[in-house]
Structures are given as C-alpha cells and as structure tokens.
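Visitor: Quick note, the sequences are listed as chains A and B, same order.
At position 417 of the first sequence the residue is numbered 417 (the UniProt record's numbering), and the sequence of numbers has no breaks.
At position 136 of the second sequence the residue is numbered 136 (the UniProt record's numbering), and the sequence of numbers has no breaks.
One thing to keep in mind: the hints can contain errors.
Identical copies go unnamed one by one, so any copy, or any two together, can satisfy a pair.
Under the rule of at most 25 Å between Cα atoms (straight-line distance), these lysine-lysine pairs were calculated in the PhoX-like manner [to be verified]: (1) Lys379 / Lys143; (2) Lys150 / Lys190; (3) Lys160 / Lys218; (4) Lys162 / Lys186; (5) Lys387 / Lys61; (6) Lys162 / Lys103; (7) Lys97 / Lys387.
Since the hints were made in silico from the structure, they are not lab data.
Protein chains: 2
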Amino acid sequence: MSSNQDFQPVTESASSVTKFQQNPYGPNPADYLSNVNNYQLIDSTLREGEQFANAFFDTEKKIEIAKALDDFGVDYIELTSPVASEQSRRDCEAICKLGLKAKILTHIRCHMDDARVAVETGVDGVDVVIGTSKFLRQYSHGKDMNYIAKSAIEVIEFVKSKGIEIRFSSEDSFRSDLVDLLNIYKTVDKIGVNRVGIADTVGCANPRQVYELVRTLKSVVSCDIECHFHNDTGCAIANAYTALEGGARLIDVAVLGIGERNGITPLGGLMARMIVAAPEYTKSKYKLHKIRDIENLIAEAVEVNIPFNNPITGFCAFTHKAGIHAKAILANPSTYEILDPHDFGMKRYIHFANRLTGWNAIKSRVDQLNLNLTDDQVKEVTAKIKKLGDIRPLNIDDVDSIIKDFHAEVSTPQLRAVRRDDNDVNDIDIQEPSNKKTKVE
Amino acid sequence: MSSNQDFQPVTESASSVTKFQQNPYGPNPADYLSNVNNYQLIDSTLREGEQFANAFFDTEKKIEIAKALDDFGVDYIELTSPVASEQSRRDCEAICKLGLKAKILTHIRCHMDDARVAVETGVDGVDVVIGTSKFLRQYSHGKDMNYIAKSAIEVIEFVKSKGIEIRFSSEDSFRSDLVDLLNIYKTVDKIGVNRVGIADTVGCANPRQVYELVRTLKSVVSCDIECHFHNDTGCAIANAYTALEGGARLIDVAVLGIGERNGITPLGGLMARMIVAAPEYTKSKYKLHKIRDIENLIAEAVEVNIPFNNPITGFCAFTHKAGIHAKAILANPSTYEILDPHDFGMKRYIHFANRLTGWNAIKSRVDQLNLNLTDDQVKEVTAKIKKLGDIRPLNIDDVDSIIKDFHAEVSTPQLRAVRRDDNDVNDIDIQEPSNKKTKVE
C-alpha cells in the first residue's frame with residue numbers, strides 16, 4: 001500500500017544510546033544563565049512549614065529538625081520571625097547557637113521594628129518580604145510602592161550595617177506590576193543585597209511564565225535570585241526547576257512541602273527532579289539517602305502520612321506492576337526508571353501478584369523460590385495466576401502456592417538436580433539483574 | 001543617601017488591577033497553537049490506574065468509576081487491554097454497553113493479535129502504543145523502527161477499517177531519537193490517525209522540553225496530539241499544562257494520578273491548574289464540585305488516603321494560618337487564594353488557634369462568638385492566645401475559653417446590648433467577608 005512508502009526506513013546505529021549518556025535531562029545548552037548545576041537550597045520547614053495547619057514545633061523538635069536538615073546538607077535554614085512570639089525569638093537564638101554548617105536565616109516583614117529584633121538573634125542573614133501586588137497593597141499592608149521602596153532601603157541598610165546577609169523579596173510577585181517589581185529590585189540590588197526573591201505566594205504561576213520573569217529579572221540585577229513557589233496548582237517543583245533554568249540560584253523548599261494551604265516546593269520532590277537533571281552535583285552535595293528519615297521526622301511531628309504518591313518515598317514510587325513493565329525492568333531497570341531507588345536508600349519492587357502480571361515477572365519469582373520450570377511451563381502457570389487474579393485480589397502467598405502446586409505437578413526431584421547444571425544463557429541473562437537488584441514485596 | 005535616588009517614584013493608578021481581570025494566567029498570546037482554552041481529558045483510571053500497586057477493580061467497581069467519570073464530564077475513558085485477562089475483556093464490553101456520553105477507549109500493544117480482540121469489544125476507539133526508545137526496543141520488544149512502522153501501519157489500517165477512532169503513541173518518547181519519532185508520527189498521520197501520543201513513560205521530562213517537542217511535532221502532523229506524563233519527578237501537572245500551551249489537545253489523567261510507580265497527571269490537580277488558566281472553559285465543561293467524591297471513591301477502592309497536600313481536596317488546601325495571611329484573606333480572599341474553594345464545593349478555613357495567629361483572625365472569631373470587644377481589647381486577648389500557643393498546641397476550645405474569659409473580665413451585659421447598635425464601618429467591612437465566606441475548623 002502507498003502509505004507504507006511514507007515511512008523513511010532507517011539504519012540503526014549505536015550512537016543514539018551513546019548520546020543519552022550525555023544526559024538529555026541536563027541543563028539545556030541554550031540556557032546560558034542556567035543554575036541547574038549550581039543551585040542552593042533554603043529549607044523553610046521551620047518558617048513556611050510552621051504555617052502549615054498542623055504544625056506546632058517545640059524547641060526540642062525545632063532543634064532536631066534543624067540538625068537533620070543540616071546533616072542532609074541544605075545550604076540555608078529559614079526560621080519563623082522572632083517577633084511572631086516570644087518563644088519564636090528564643091528558638092531562633094537557640095538554633096543560631098548550634099553551630100550548624102547551614103546558614104541560619106529568619107524571615108521578617110519589611111519593617112524596622114522586626115529588623116531590630118532579628119539582627120540581635122545571632123542569625124547569619126535576614127529575609128525581608130513585602131507584598132507588592134495590588135491585592136496585598138490594598139488588603140494587607142495598605143502601602144504604595146514609594147513607601148515600600150523607602151522602607152526597603154531603610155531596613156536593608158540597617159541589616160547590612162550589622163554585617164549579615166540580606167534578602168529582599170516581593171510577595172505575590174506574579175500578580176505584581178512588572179515595572180514596579182523591576183524598579184524595586186533594581187533599587188535594592190544597587191544598595192547591595194545578597195539576594196532578591198521572587199515569590200509565587202498564591203501558587204498561580206506556570207513554568208514558562210516563571211522562566212520569563214527570572215530571565216527578565218536576571219538582566220536587571222547582579223545579585224542572586226531566590227524563588228519561592230506555592231503548590232496550589234501542582235506546579236511548585238516544575239516552577240522551581242524552570243526558575244533554575246532561567247538563572248535563579250536558590251530555591252525555597254520545605255520537607256514534604258509543608259506550608260500555608262497545601263504548601264510549597266517539597267525538598268524530596270525537588271531532589272527527584274534535580275538528580276535527573278544534575279546527578280553529579282546533586283549526589284555530591286546532598287545526602288539523598290536521608291530523605292526518608294527527614295520526611296518521617298516531619299510527618300510524625302505534624303501528624304500526617306507520607307502521601308501514597310510522594311516522589312521517591314511514596315510506598316509505590318518504585319513498584320512496577322504491568323507485565324510489559326516488569327519484563328523490561330527485569331532486563332534493565334533503566335527502561336522504566338529515571339530514578340535509581342538505591343540513590344535514595346530505597347528498593348525496587350516488582351508487583352507480580354495480579355492479573356496484569358506477565359510471565360517474565362513470574363519467571364523471576366520462580367527463580368526466587370529456587371524452583372525449575374521451562375519458559376513454556378512458566379507461561380502456563382502465569383495463565384493460572386492471571387485467571388485467579390481476575391476473580392479476586394492476590395497476595396504473594398496465593399501466587400507462591402499456585403507456583404509450588406504447579407511445580408509439584410510437573411516436576412520431580414531429579415529435575416531439581418538438573419537445575420544446578422542449567423546454563424541456558426538467556427535464562428541467566430534475564431535473571432541476573434533480578435537477583436542483584438529486584439526485591440519482591 | 002544616594003541609593004534613595006535609585007528608586008523611580010511611581011504614580012499609582014487603578015489600571016493594574018483592572019488588567020488582572022483579563023486573567024494573567026490565561027493562555028500566553030504568543031502561543032498561537034495553544035489549546036489551553038480547548039483541551040480534552042482522557043481519563044485512564046481504569047487502565048493506567050489499574051497498574052497502580054494497590055488497584056484491583058471488580059466489574060461493579062469499574063462500572064461505578066466509569067459512571068462517575070462520565071458524570072464529571074471527561075471526554076474519554078480509557079480501559080485496560082482486553083487481552084490482559086479474560087475478565088478485562090468482559091469488563092470492557094460491559095462498560096461499552098453503558099451508553100455513556102464519554103467515548104470509551106482501550107489501550108493495546110501495537111500488534112494485530114491485540115487489535116483483533118480490541119475492535120470486537122464495542123469501544124469507540126483504540127489507543128495503540130509501542131516503545132520507541134532504544135531502551136525499550138532493546139529490553140522490551142526487541143524490534144527496530146522499520147518493524148515498528150510496518151506494524152503500526154497494519155494495525156492502524158485495520159482499526160480504521162472498523163470505523164472507530166485510532167491513536168498511535170510512542171512510549172518513552174522523551175528518550176526516543178527525535179528523527180525516528182517524527183518519521184513514525186508523520187507516517188501514521190498520513191495514513192490518517194485521530195491522534196498521535198507523546199508519553200513520558202519514566203517521568204523524566206521537564207516543561208520546556210515538553211513545549212519544544214510538542215511544538216516540533218505540531219509542525220509535522222495535522223492530527224491532534226495527546227500527552228501522557230508520569231510523575232516520578234513531580235512535574236506531571238506542569239508538563240501537561242505546558243503541552244497544551246505548545247499545541248497538544250488531549251491530556252491523559254487518572255483520579256489521584258494513580259498508575260505505575262507514583263502515577264501520572266492527577267485529574268484534580270490538573271483541574272486546579274486549568275481553572276486558573278481557562279476558568280470559563282473549565283467550569284462550563286467539567287463538574288468540578290464532583291472532584292472530592294470521585295477522589296474519595298478511588299481512594300477507598302485502592303485503599304489509600306487522600307494526600308494531605310493534595311491540590312483542592314487536601315485537608316489543608318484552603319486553610320490559612322499566619323496572622324498576616326489571615327488578615328488579608330478576611331479582607332479579600334483573592335489576596336492569598338488563586339482558587340476559590342466554592343468552585344469545588346469546598347470551604348475556606350482560617351486557622352486562628354496557634355501562636356502565629358494575628359488579631360484580625362481573632363477579631364473574626366470574636367465576632368463569630370457574637371461577643372463585643374474593641375480592637376485594642378482584641379489585640380490584648382490575641383497576645384494572651386499567642387503566649388499560650390508558645391507553650392503548647394492550641395485547639396479551638398482553648399482559644400474560645402481565653403476569649404470568653406477575657407470578655408467576661410472586660411465586658412458587662414450592657415456592653416453586649418450596645419453591640420447591636422454598633423455601626424463602626426471599619427468593623428463591618430472587615431467582618432462581612434468572614435461572615436459570608438469564612439468557616440472555622
């Protein structure tokens with residue numbers, strides 16, 4: 001038929017596979033301002049996270065969390081404003097005295113009353129924020145841009161005079177007037193802040209919008225750009241990544257993303273994104289195998305469960321089920337995995353006890369049970385398993401019983417002995433990775 | 001000081017607020033191929049979702065889910081391959097006989113054995129898929145691109161001959177050779193498929209990469225483009241949105257995102273994204289207030305909890321805590337909300353029983369308790385509440401007791417009576433939205 005002619009027959013070569021070793025998920029070469037390979041983390045579990053509905057951290061818990069984050073390797077730890085309450089101030093002082101490697105920040109309103117208290121706590125830096133959108137200017141603080149600029153200059157110069165870091169951030173940046181934003185950022189950059197911050201306070205931004213704003217801002221200021229993304233519309237991880245592509249350097253995260261409403265960019269989820277894009281940098285800088293412990297620490301403290309679909313640590317994040325997936329995973333895990341569970345101290349599971357299972361998954365299980373069946377026999381027993389799986393949910397014991405019964409029917413003790421001399425190359429090739437890497441639920 | 005001069009004083013005008021009424025989160029005017037205002041949903045809870053570790057849907061449950069999705073308004077419902085198991089085939093036939101408004105699809109391997117069974121089930125369309133990445137070609141089916149093209153043409157012409165819809169999708173598209181991909185898509189488009197599919201099977205793609213691939217493909221094919229995104233690195237919602245910006249028309253979703261590993265683009269999360277970008281289209285087409293019920297149906301069926309941080313339905317998605325947030329939300333919910341909880345049949349909560357609370361939130365509570373305190377008195381009682389909140393977690397009863405005790409101290413029955421004549425305009429302005437819209441946990 002004529003349509004057959006439309007396809008241009010191709011010659012296969014090995015070069016495409018080789019090409020992928022250059023990491024197609026790495027920074028886009030066209031993003032010459034990209035910080036994908038040079039990013040920093042500001043963990044705000046003890047600030048934004050305190051604004052999570054369920055959060056109440058006493059001093060001891062705050063210290064435990066700060067130490068765990070420091071051990072993980074976050075670059076900065078941001079704490080609740082010392083003016084929020086008397087205990088907030090004392091906790092801030094206590095964490096500053098721990099001598100952590102991470103720099104300690106506190107987050108205040110752009111006001112001298114707050115700044116005077118903040119600089120006395122012993123923090124390494126102060127993050128000031130003020131709402132610049134019309135919404136916030138009208139319904140929150142009621143100030144105009146000229147007042148904001150004046151306050152910002154006063155606070156920044158005061159904090160700088162104390163020899164500590166200063167970040168100036170707008171709030172609700174994506175609903176602020178672009179000219180107002182660039183004007184104020186340019187002003188504070190000239191005074192000499194360490195960072196300016198962009199905040200998607202309501203969680204409305206989309207990735208390409210983020211990229212554009214960061215790129216534009218990057219042409220206006222010479223200091224680093226920090227970004228803070230809420231997750232109301234589910235884009236907080238993608239927005240963070242795209243911000244780095246555009247030239248932002250620092251991303252605000254919280255463990256499990258806890259914060260106001262449904263929170264911000266989660267630490268673990270961002271690590272999943274970054275290990276794909278910048279594997280060497282990410283693995284060398286952060287102790288990724290600690291993610292599970294830190295998430296459990298926070299989940300327990302704020303009385304939530306780890307979401308079933310959490311990146312990396314969700315109970316099914318490395319579980320493969322469909323027969324076609326299981327087959328390929330057994331041959332080479334990279335076929336259906338972009339993340340290696342071992343990088344995070346996690347394990348891979350092949351879910352074979354269900355009607356979608358395939359004979360490769362069952363063959364792997366037969367091997368784990370140290371039984372000997374031919375491929376045709378495995379296909380036969382797989383059909384039995386799928387049939388029962390059509391009637392009800394299966395567990396591993398169900399499948400093992402079917403396999404063992406079947407094996408008893410078709411096999412003899414003599415056949416078991418033969419297994420030891422079995423050197424069918426295909427069989428070994430398929431089983432080897434499963435012995436080495438596959439754990440079964 | 002000189003730095004003061006750097007800020008360009010600005011004249012405030014009302015125009016910026018007006019501008020926002022044109023929806024800054026709507027489609028980017030530069031995306032002339034955008035389908036943000038013209039997208040369709042293919043729900044794959046009964047196909048991809050069946051590959052979720054915990055999923056076992058019996059016939060009755062499948063029918064219940066299909067009806068709920070149809071009632072919600074999804075455009076297509078995709079079902080597990082009828083060759084997966086005997087019951088899968090019977091269930092597919094049963095759902096086709098329901099006479100739903102949504103079109104029914106089934107998802108098969110690109111193979112005549114599967115196609116022959118699929119077209120006899122009564123489906124409105126068949127989704128065929130084949131792995132095109134080197135990984136899948138080497139470790140899954142072992143076929144080269146010429147073989148893939150040949151099979152695709154045979155299957156597509158067969159399905160078309162039966163007068164039903166046909167989609168051809170590559171698998172693991174983002175790790176496939178671009179030339180191979182465009183070549184095969186161009187071929188199948190010329191034969192005349194309804195849709196071609198891009199699948200991020202391993203969940204590695206990032207938004208700008210998605211945009212580029214969709215835009216490129218859009219220049220090669222004339223049919224619709226469907227996209228399928230796994231969520232391993234937390235970008236499935238953002239990638240779906242960016243695909244629509246680039247010209248894709250259909251997005252694969254599953255309720256709660258259930259699927260292989262940690263799943264795909266979740267229906268609810270995508271709705272949160274789309275109501276921001278295309279509010280009229282989204283609200284007119286889909287019954288958004290049904291999201292909670294559908295999510296509960298699936299969560300129960302697969303025995304998971306709704307993630308605490310789920311967009312829209314997470315228990316804290318509309319909970320505001322920090323004093324500064326609560327204050328502005330009470331004045332105008334749009335200050336800290338891009339989603340209106342009422343669009344989803346949900347309610348807003350102001351979390352006032354904590355040390356981060358502010359006097360505006362407490363003032364709102366005082367009003368709800370029908371007590372009368374001056375602003376200075378509210379500030380005084382707020383300080384007491386924050387002090388107790390420093391020592392331990394508070395519940396609403398704690399706060400109410402403090403407020404009532406305080407009120408008893410400062411107040412008299414005569415003052416209560418005065419309350420009815422109170423017409424302090426500021427007071428009413430602030431309280432009005434809270435009476436109308438604020439529910440307290």
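Visitor: Against this structure, judge whether each hint is valid.
Guide: Now the hints, each set against the structure:
no., hint, verdict
1, Lys379 / Lys143, "between (73 Å within a copy, 22 Å between copies)"
2, Lys150 / Lys190, "within (14 Å within a copy, 63 Å between copies)"
3, Lys160 / Lys218, "within (22 Å within a copy, 52 Å between copies)"
4, Lys162 / Lys186, "within (22 Å within a copy, 64 Å between copies)"
5, Lys387 / Lys61, "between (51 Å within a copy, 19 Å between copies)"
6, Lys162 / Lys103, "within (16 Å within a copy, 66 Å between copies)"
7, Lys97 / Lys387, "between (64 Å within a copy, 24 Å between copies)"
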